[in-house]
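**Q** Sequence:
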Amino acid sequence: MTYSGMNVCIVALIAISVLMTGCFSNGRKTTGDEQFFLHENELTGYGKKTTIDRIYQLDPGSKEFVVSDKFKTNPPRKIAVLPFDNLIGGNYILNEVRLPRFSKKKNDEWNWTYANRLRRFFFGHLAIREFQDIELMYIDRVLQKLNIVTPNDLKAFSPQELGRILGADALIYGKITDYKNSYYALFSQIKIGLHIECISAEDGSILFEGEQKRNDNSLLVATNPIDVAIASFQNYMRLKDVFSARASEEVTRELVLRIPIVESFIKEEEGRIDDMLQKTMLSSSIYHVGEGLSDKTISIDDASIENKQIVK
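Throughout the sequence shown, residue numbering follows my numbering, covering 1 to 312 in sequence.
Hints listed in this document are in silico derivations from the structure and should not be mistaken for laboratory results. Don't take each hint at face value.
Derived lysine to aspartate or glutamate pairs resembling EDC-like cross-links, with alpha carbons at most 20 Å apart [claimed, not checked]: (1) K106 - D275; (2) K155 - E96; (3) K175 - E211; (4) K175 - E250; (5) K145 - E130; (6) K78 - E270; (7) K78 - E130; (8) K180 - E109.
Now the in silico label distances, taken between C-beta atoms and shown as ranges [claimed, not checked]: (9) I226 - K145: 56 to 64 Å; (10) Q132 - S283: 22 to 30 Å; (11) S205 - S264: 35 to 43 Å; (12) E130 - G167: 29 to 37 Å; (13) M276 - G124: 20 to 28 Å; (14) G89 - D69: 54 to 62 Å; (15) S264 - M137: 49 to 57 Å; (16) I226 - M137: 47 to 55 Å.
Each residue gets a CB set at the ideal place from its N, CA and C atoms; glycine is no exception.
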């Protein structure tokens, strides 16, 4: 079967699958009694690339990650993700050629855009971990008020001083090491790299350090001019932002997955929530009657709330 013939088959299969989705109900296929909050499988491994994955995707990448002994004995509870430094610049890089922007202002804007895209992805993955994160909007506003607006300005402040100002136990410093594209008709590639350091705000020591690179490759085979045209177009479309976003998300996800889980933080947070709920229940004077709640007015912080009967 030729390459164009394979494309026709693929399009036909996609069309059939789309049509068949309308034949199935979106209604419930379960009883509704399935439990929440059970053991979550593959919590630390889901989404982490294996050697087989990298070979299949032609993506050797890089997976360096080092954790200090201090992190293991005294992990930071509150972490601030500082603005990332872009070592590549704001040019659009295609086949190792830096394509100029319309102005220096535009170049500076894209320099910041590339860096902050990875920073936001990294923050998103870190935010669901057991650490206490500091919102990026707060960090950025504080830094602007301190006139810290460049990487050199950031270096002028010690981690201890920044940690005190931001109320953080540790600071994440990031560097964009790759952000480029390649396109050669039958082959296309998006390459994105990020290096991070977690610095203690107590003594300035490195708690953990890592680097990840993602090579999103596409190599297609063509046997005739029509196949070449189709393959070239497919590879051209792979240079769109949606693919660079996926590569950026993979890079940051892999880095956050390698940060060791701090079980003590999880247990402490569960205990804190239990204590808070107990105090709330007592202060609200909520009493269970049978399987439901009695009709009455309860007071929480001088606010009256009408509590209607809820029957199971």
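**Q** Please work out if K145 and E130 have their alpha carbons no farther apart than 20 Å.
**A** Violated. K145 to E130 sits at ~29 Å, over the 20 Å cutoff.
**Q** Can you let me know if the beta-carbon spacing of I226 and K145 is within 56 to 64 Å?
**A** With Cβ atoms ~60 Å apart, the hint holds.
**Q** Can the suggested window of 47 to 55 Å be confirmed for the beta-carbon pair I226 and M137?
**A** 51 Å, holds
**Q** Within 20 Å, alpha carbon to alpha carbon, are K175 and E211?
**A** 9 Å, holds
**Q** Under the criterion that the straight-line Cα-Cα distance not exceed 20 Å, is the pair K155, E96 satisfied?
**A** This hinted pair is violated, its Cα atoms lying about 29 Å apart.
**Q** Take the C-alpha atoms of K180 and E109, compute the straight-line distance between them, and say whether it is at most 20 Å.
**A** Holds, at about 17 Å.
**Q** With 35 to 43 Å as the target window, see if S205 and S264 comply at their CB atoms.
**A** 20 Å, violated
**Q** Would you say the C-beta atoms of S264 and M137 sit inside 49 to 57 Å of each other?
**A** 29 Å, violated
**Q** Run the distance test for K175 versus E250: straight-line Cα separation, threshold 20 Å.
**A** OK: K175 and E250 at ~16 Å, within 20 Å.
**Q** Is it true that the CA of K106 sits at most 20 Å from the CA of D275?
**A** 52 Å, violated
**Q** How does the Cβ-Cβ distance of M276 and G124 compare with 20 to 28 Å: does it lie in that range?
**A** 26 Å, holds
**Q** Could you say whether the range 22 to 30 Å given as a hint is met by the Cβ separation of Q132 and S283?
**A** Given about 25 Å between the Cβ atoms, the range holds.
When each numbered hint is compared with the structure, violations occur for hints 1, 2, 5, 11, 12, 14 and 15.
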